[in-house]
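Novice: Each chain, written out:
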Amino acid sequence: MSAMLEVEALEVFYGASQALFGVDLTVEEGQAVALMGRNGMGKTTTIQSICRMLPVRGGRIRFGGRDITALPSYRAARLGLGLVPEGRRCFPNLTVTENLIAAARPGPWTLKRVRDFFPRLGERADQYALTLSGGEQQMLAIGRALMTNPRLLLLDEATEGLAPVIRREIWTAIAALKAEGLSILLVDKTLSEILPLADACVILERGQSVWHGDPGALTDEIERRYLGL
Amino acid sequence: MAEMRREWIVNAVLAMALLIVPLVALWINEPFYVTLATRVAILALAGVGLNLALGLGGMVSFGHAAYFGLGGYVAGIMAHHAFTGLPMWIGVTGSNQMLWIWLWAALLSGFLALIIGALSLRTSGIFFIMITLAFAQMIFYFTLSWPAYGGEDGLPIFVRNQFPGLNTMRPWDMFILSYGVLMLALVFFAMLRAARFGAALMAIRQNPDRAAAVGISPFGVKLAAFVLSGMITGLAGAMMADLTRFVSPAMIAWQMSGELIVIIILGGVGRLFGPVAGAAILVAFEVIFGGITEHWQFFLGLILLGVVLFARGGLIGLLAGRARHG
Chain A
6 MSAMLEVEAL EVFYGASQAL FGVDLTVEEG QAVALMGRNG MGKTTTIQSI CRMLPVRGGR
66 IRFGGRDITA LPSYRAARLG LGLVPEGRRC FPNLTVTENL IAAARPGPWT LKRVRDFFPR
126 LGERADQYAL TLSGGEQQML AIGRALMTNP RLLLLDEATE GLAPVIRREI WTAIAALKAE
186 GLSILLVDKT LSEILPLADA CVILERGQSV WHGDPGALTD EIERRYLGL
Chain B
17 MAEMRREWIV NAVLAMALLI VPLVALWINE PFYVTLATRV AILALAGVGL NLALGLGGMV
77 SFGHAAYFGL GGYVAGIMAH HAFTGLPMWI GVTGSNQMLW IWLWAALLSG FLALIIGALS
137 LRTSGIFFIM ITLAFAQMIF YFTLSWPAYG GEDGLPIFVR NQFPGLNTMR PWDMFILSYG
197 VLMLALVFFA MLRAARFGAA LMAIRQNPDR AAAVGISPFG VKLAAFVLSG MITGLAGAMM
257 ADLTRFVSPA MIAWQMSGEL IVIIILGGVG RLFGPVAGAA ILVAFEVIFG GITEHWQFFL
317 GLILLGVVLF ARGGLIGLLA GRARHG
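Read top to bottom, the protein sequences are chains A and B. If you count the first sequence from 1, you need to add 5 to reach the numbering used here. If you count the second sequence from 1, you need to add 16 to reach the numbering used here.
By construction, these hints were calculated from the structure, which means they are not laboratory data. By construction, the Cβ of each residue, glycine as well, lies at the ideal position given by its N, Cα and C atoms. Take the hints with a grain of salt, since some may be wrong.
As the list claims (entries may be wrong) - Partial list, derived from the structure: chain A residues whose beta carbon lies under 7 Å from chain B:
(1) Cys56
(2) Tyr79
(3) Arg83
(4) Leu88
(5) Arg94
(6) Ala109
(7) Arg149
(8) Thr153
Sequences and hints are given; from them, build the entire structure.
Specialist: Structure below.
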């Protein structure tokens with residue numbers, strides 16, 4: 006395995022206030038890495054920084070062996086970083102199909118394949134994204150990221166606020182993507198759902214990565230200390 | 017789905033009406049109305065251009081008269097040199113062939129839009145509106161003080177330029193030519209909107225940062241749309257110059273830019289046939305109220321106020337339902 010994503014000593018500021026104080030993480034090819042931590046510890050900031058949506062003040066981000074620290078977000082996305090943002094964030098006044106084709110880039114994931122993967126998106130093809138249910142919007146957000154033909158999928162709270170039956174559907178889809186060999190970096194609060202999927206874990210505490218390891222190595226003490234469980 | 021179907025019916029009715037009105041006028045021997053319908057078609061074509069930037073891309077350009085006027089001046093200058101036999105620059109002679117003139121009108125307008133767009137698309141909101149207006153005003157004042165081509169008196173086109181297989185001096189021939197180009201432009205607009213490019217442009221309008229996160233370059237896509245928009249409006253300018261057989265700085269004045277925006281708002285921003293409906297309303301007001309009072313724009317203003325307050329989707333929105341792309 007070789008490193009697909011390497012984040013070293015990442016430092017990010019919102020104006021004058023520092024949000025990340027040195028985050029290190031690595032995602033190997035074909036691996037699923039869970040980024041964990043309590044609310045406000047910098048998980049979404051880390052994801053957004055990797056996707057080049059936030060300026061980086063210190064540290065380095067390498068993707069596929071290339072330094073992307075200074076790239077604009079659209080170029081990072083074109084290199085293969087597929088973001089499924091927190092809160093879905095589809096384009097509300099575009100139809101499902103328009104949401105999907107807007108992001109299309111050449112590769113194995115085509116409109117047809119995404120519709121086959123999420124049949125619900127095919128049924129709702131001409132509906133505006135704002136009229137979809139939360140679960141359907143999440144499928145659309147994942148589908149849109151897949152249309153960019155990513156090499157690494159970044160899922161930020163992919164099942165937040167969804168009904169249990171829909172959550173299961175989404176996790177099954179993510180597991181299927183992992184089984185196909187797609188590298189995944191995922192953020193979620195529900196450990197019981199992400200740990201079975203994860204090959205490695207990174208825990209953030211106050212903007213710093215404080216624990217790296219195998220999911221099996223997570224002890225009750227670590228969970229209590231860093232995840233508030 | 018029902019709304020989309022209704023919009024297609026409204027579009028078909030508008031397309032047929034624009035064809036039938038001049039046919040009836042021709043039948044009852046009223047060529048004036050054929051020319052009016054031609055004016056609607058050409059203004060609608062200019063509107064299709066602006067609709068691409070404003071309707072799909074959310075770029076409120078208050079300087080599209082620059083492309084409309086440039087297209088007009090390309091037609092006027094080439095016809096002038098063809099008529100006088102004088103070379104233009106470095107031995108290039110003029111032309112009275114519409115196809116050749118249109119090509120240059122579109123290319124030069126596109127080039128101008130590339131320069132203006134590259135500079136002004138770095139801004140947004142009110143600054144974008146003001147920068148596009150400023151560029152158009154610069155060109156307006158340049159033509160005003162350019163004596164070689166008539167300055168503020170404008171430049172007449174003594175004989176309307178020619179199109180293969182048509183007698184462009186006949187009102188019906190000029191109409192069907194303009195109508196044909198308008199329909200082609202509408203097909204192009206519909207295809208663009210349905211393609212990845214159109215979806216990306218609309219996505220940028222809704223949220224540029226979110227669009228960038230899925231690999232869309234907001235600046236690149238908007239600039240490409242702005243150039244295409246300028247090219248279509250420039251083509252319309254060349255055709256309008258041929259219709260009126262006259263070009264003047266008035267084609268580049270800010271009022272013309274405003275008129276194009278009014279056309280889009282009256283018809284329905286971002287709607288395929290919005291420019292057709294808007295241009296028809298504008299020309300109808302000009303004819304009906306213009307015959308009664310020289311202050312006909314007062315009544316147009318009232319209608320515009322009504323549309324902005326009560327029918328945000330314009331005429332198409334009123335007839336076909338809620339704005340498709342809010």
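Novice: Identify every previously stated hint that the structure contradicts and give their numbers, smallest first.
Specialist: Nothing - there is no hint that the structure violates, so all of them hold.
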